[in-house]
Every structure is written in structure tokens, then in C-alpha cells.
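Given the structure of chain A, go ahead and fit chain B onto it with the hints provided.
Residue numbers (this note's numbering), protein chains in the order written: chain A, 115 to 330; chain B, 115 to 330.
Think of the hints as simulated: they come from the structure by calculation, not from any bench.
Any given hint might turn out to be false.
The following label-pair restraints were derived from C-beta to C-beta distances [to be verified]: (1) B:D287 - A:R273: 33 to 39 Å; (2) B:W167 - A:S291: 27 to 33 Å; (3) B:A237 - A:R325: 45 to 51 Å.
One-sided excerpt, in silico: chain A residues whose CB lies under 8 Å from chain B [stated by the list, open to error]: (4) G171; (5) R263; (6) R267.
Glycine is no exception: its CB is placed at the ideal position from the N, C-alpha and C atoms.
Number of protein chains: 2
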Amino acid sequence: MIPVITALRWVPPFAQGYVRDHRVRWALEETGRPYRVELVDHAILDSRDYRSWQPFGHVPAYRDGEVELFESGAIVLHIARTSEMLAPVDPAGFARVSAWVIAALNSVEPFVRNVIAIDDFHASEPWAQSYRPIAEAELRRRLAALQDRLADRDFLEDRFSAGDLMMSTVLRDIEASGLLRDYPAVSAFLTRCESRLAFQRAIAAQIEDFRNNAPA
Amino acid sequence: MIPVITALRWVPPFAQGYVRDHRVRWALEETGRPYRVELVDHAILDSRDYRSWQPFGHVPAYRDGEVELFESGAIVLHIARTSEMLAPVDPAGFARVSAWVIAALNSVEPFVRNVIAIDDFHASEPWAQSYRPIAEAELRRRLAALQDRLADRDFLEDRFSAGDLMMSTVLRDIEASGLLRDYPAVSAFLTRCESRLAFQRAIAAQIEDFRNNAPA
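Pulled out of the complex, with its shape left as it was, chain A reads as follows (with noise of 0.2 Å):
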């Protein structure tokens, strides 16, 4: 069975080639494996059926011939496990892999999350300029780690992996903000990721779905 995977029927231009179901749409170009779309809506997002298969409401969710899965992170372990592209076999290095998809999930994306709560829909009001500086500096702890750990290396393991995957498409977030000026090694670590000619075949395959379903 085709991998089935449920994304957004339309988002407004700022927010296309950033749902998360591309990180879902990468892991599977870089498996080389075909995949089908299911496109919702916040209707169906809503609709008990949805929250069976995606407890939260949100996208992606995604099923197979094997598993109904839910949350980026595990399907996108869950790709790996099958394809040596995003992860060693041996079960060390795929625990490594592991670390670093939960590393980007828990230890970095919450603190960009809320600079980009901020930015995105709090910016002139007066409690976010307060808040905002913390905000900033608890994401900047984080981004002087990653540029320690990638100060010598092209990738956070010895080679590209779905950690990297992940870490990435976390610090995308971040790029029109200016931060990561200030962490080059990171910085080159997000431009090496976002070559890949997966990563861009997932941006694109993303977008036209907006594209193919646009509001009059």
C-alpha cells in the first residue's frame, strides 16, 4: 500500500512550503518511495473520525500498509527505520538519530515557536515586547549548542540522517528573523539541508497542492 499522508488544503502564501506535513513529503523523497495526498480542512481537522487517527486535529497523519501513525517526528523515525537514506540500520546509530529528531523537537522548535508566536501575530502589542528578549535569549542558548556541535561537521552524526532532516526544517522557521546570522555553522548546516533535491522536490509538491486549490 501507498503511504497515505493528510495535509492542508490551503494555507495564506506566508505559511505555504511550511506545514509540516513537508517534513513527512521530504523523508519520503529522500526514500525515493511515492506517497498519495488526502488534503482536509479545519472541518474535517475537527471531525471525530480525524481525531481517532490525529488526536490533536492538526497535520500530517499518516497510514500505511502497517501502521496509522501520528506526529512528524515518529512517522518520519518510522520512514527511517525502513530506508538506510535517513538512518544507519544498526540499532545505535538509529537510536542516535532518534536523539536528534527529539533533540529538534524538544530542545529547540518550542523556544523558536515562541519567538515566532511573537513575531508572526503578537509583535505590537505591549506584553510581547517584554516577553520578547526572553524569549530570544532561552532560543539563543539553543542555537550557540547546535553551533558548538556543527563548528566541525557537515552534519549533527557523520552523515546525513533524518535528525538532520528535522533540525532543519525546525531552524527554517527562523530564517527570515535574522538570528542565525550570528551561528554560520548552523546557518551553512540549514543551506546544506535545504539543497537536497528532496527537500525542494517536498517544497514544491507542497506548494502546488496550494496552488491546485486556491480560494477563488
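For chain B alone, kept in the frame of chain A given last:
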């Protein structure tokens, strides 16, 4: 080789029993495996050596005869791969458990963390009073999803797993806030997890280490 984990040498009483090495101790207690603790302080956390083990300078880090790891979620999944106590052995069942571990860390914990950061560290600051309702609303959306999920089951899947372990450790952090009163199935789930002997042994072990190293 007996697994080794790192833990903080001492923290103030309000944090005792809540430091993240508890998650790994709990997982190991569920499997019945002995482990050794390496206590660390801030000088060690910032050292080059420790950072090459745990890039963000946090606890826990983990090592066994097979692998060196960081990120509590990745460590718990690694332990779960070697014991049916924490996850089914079939790949599909294991992937479902991974989804819940990652949901705890990415779909719930960041919103818990924002609320408790306000309550514990910024409660009296005017910006925090404006931000608190926004952060609480974000968290409540996730708690409502968990309430739906747990309304008719004891655990997130059909048996206790590493997913329940991670989710309950995340939820514990807001127990004192009173928020869980509005989500009775979540609250009952938390009590169910906390009543496990392995949970309690892990708490006792963490607190015992603090007691043995209390500042003069």
C-alpha cells in the same frame, strides 16, 4: 555494562522529584534493570566533555554497552526497544508508542512549559499577566484533546507504555496549577500512572540522591 545516567547533584525542594532523569529512572525501574547514576553540577554541564555527550548541557545523558544518548524521550524509547514492559515488540505497535512519546514532548510539553514558566518565574511581571491567558488557552486545547482520548480508556493505547510514561511526566508539572480539574479523564490517567511502583521507586531514588548531597 550497567546503564549509566546523569542527574543533577542537587536542586531546591520544589524541583525535587521533577528533574528529567526521573523519566529514565522510571523506565529502567519498569524493566527491572539496575543502573548507575553520575551526578553532575553546573561546571560539568558546561564542560566540553559533557557537551560532547549532551550537546545542550542538560540532564539526563545516558550510556550503556551499546550506545551513548541524550534527550529523555530518545533514551526512554531506546530502553523500550529492549523490554516489552514499555512497548510492544512489533514495529507497528512500537511506532504508535513513539508517536505518543513525541506527542508528549512536542504537542503538550511546550505549552505546559510556557504556563509554568510564567507561574514559577514571572508571575508578578505585567507582561506575564497579559500573556498568561494566551498560554493557558494553548495548553487547554491540548488538554481537551487528551481528555477526549482518555475518556474511555486507561492508557493512551491499549496497555501501559513508554508513551504513558512520558505524557504523565509532562502532565505532573501542571498538577499544582489546578488546571487538570477541568479534565477528569486526564487527571485520573495521571493518578493511574503515578500509582505504579516503578514510578514511585524512581521518585524516591532521585530524592535520595538530593538528600545525600544537600548543601551544608
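Evaluated hints:
Between D287 of chain B and R273 of chain A the CB atoms are about 36 Å apart, so this pair conforms to the stated range of 33 to 39 Å. A hinted range of 27 to 33 Å for the beta carbons of W167 of chain B and S291 of chain A is consistent with their spacing of about 30 Å. Restraint check, A237 of chain B to R325 of chain A: a C-beta distance of roughly 47 Å satisfies the suggested window 45 to 51 Å. Here the hint on G171 of chain A is kept, as its CB sits about 7 Å from the closest CB of chain B, short of 8 Å.
Given the 8 Å rule on beta carbons, the hint for R263 of chain A holds: about 5 Å separates it from the nearest Cβ of chain B. With a least beta-carbon distance of about 12 Å to chain B, the hint placing R267 of chain A at the interface is violated under the 8 Å criterion.
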